[in-house]
Structure formats: structure tokens, C-alpha cells
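Sequences and hints are given; from them, build the entire structure.
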Amino acid sequence: MPPKPSHWTPPVGRKPYIDSFVNQVRGHLENFLQSTQRPAPGNLSLHERKALHDLKNNNDIVVRQADKGGAITLLDRDAYVREASTQLSNKDFYIQVDLRKPITGN
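With numbering that gives the first Met the number 0, the residue at position 4 of the sequence shown is 3, and numbering never jumps.
You may find that some hints are simply not true.
[What the hints assert, rightly or not] Label-pair restraints from in silico Cβ distances: (1) 56 to 21: 47 to 53 Å; (2) 49 to 78: 21 to 27 Å; (3) 43 to 2: 42 to 48 Å; (4) 55 to 21: 46 to 52 Å; (5) 39 to 63: 26 to 32 Å; (6) 36 to 78: 43 to 49 Å; (7) 56 to 93: 30 to 36 Å; (8) 50 to 97: 42 to 48 Å; (9) 30 to 60: 43 to 49 Å; (10) 87 to 29: 53 to 59 Å; (11) 56 to 81: 20 to 26 Å; (12) 8 to 62: 48 to 54 Å; (13) 96 to 68: 29 to 35 Å; (14) 78 to 28: 54 to 60 Å.
Think of the hints as simulated: they come from the structure by calculation, not from any bench.
Every residue, glycine too, gets a C-beta built ideally from N, C-alpha and C.
Spelled out as C-alpha cells, the structure:
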């Protein structure tokens with residue numbers, strides 16, 4: 000069974016040279032850890048990244064996952080809203096609910 004890790008640190012102020020050494024080691028470790036924690040490089044080119052950014056910020060389109068195949072579709076926002084309204088106004092499948100009244104099972 001491996002020994003438990005120690006969390007002991009020498010008391011501060013007893014030996015100034017030890018305090019100095021501990022502070023220098025901490026500083027070096029912090030600098031090392033900060034320098035090695037870089038974000039992973041992306042797999043998109045700069046051109047692809049810009050195109051994705053532009054699509055994300057374009058309010059004229061809706062980006063949706065396709066029903067089948069896991070593809071992505073781009074839809075004109077106005078056409079998307081019109082189609083959603085048409086679908087929701089179909090009285091054979093949907094009823095308008097007054098949110099101020101409780102919904103009953105009938």
C-alpha cells in the first residue's frame with residue numbers, strides 16, 4: 000500500500016533561507032503551470048472558423064440539426080417562423096392554451 004501524500008509545509012519564519020526557497024519554488028511552479036495550460040489547437044482553419052462565426056451571428060438564418068442523418072441545415076428565419084406558425088395553427092393537432100387557466104385532462 001503506497002504511503003499517503005504529505006501536506007506538511009515548514010513553518011514560516013523559522014529559517015529565512017527555507018522561506019525564500021519555498022517561495023521561489025512556488026513561483027517557478029506557478030509560471031510552469033500557467034505556461035503549459037494552453038487551449039488545445041482547433042481543427043478548423045482560420046477561414047472555417049470565421050465562416051462559423053459569421054453563421055452563428057447571422058440573425059437572418061436558423062441553424063438546426065436535420066431530422067435524419069445528423070446533418071445541419073440552414074433555414075431562412077422568416078420562412079422558418081412562417082412554417083412553425085402554420086404548423087401550430089393546425090386545429091387538428093394543436094389547441095391554443097390560455098396560460099392563466101389551469102389545464103384539465105379533457
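Any of the earlier hints contradicted here, and which numbers? Every hint satisfied by this model.
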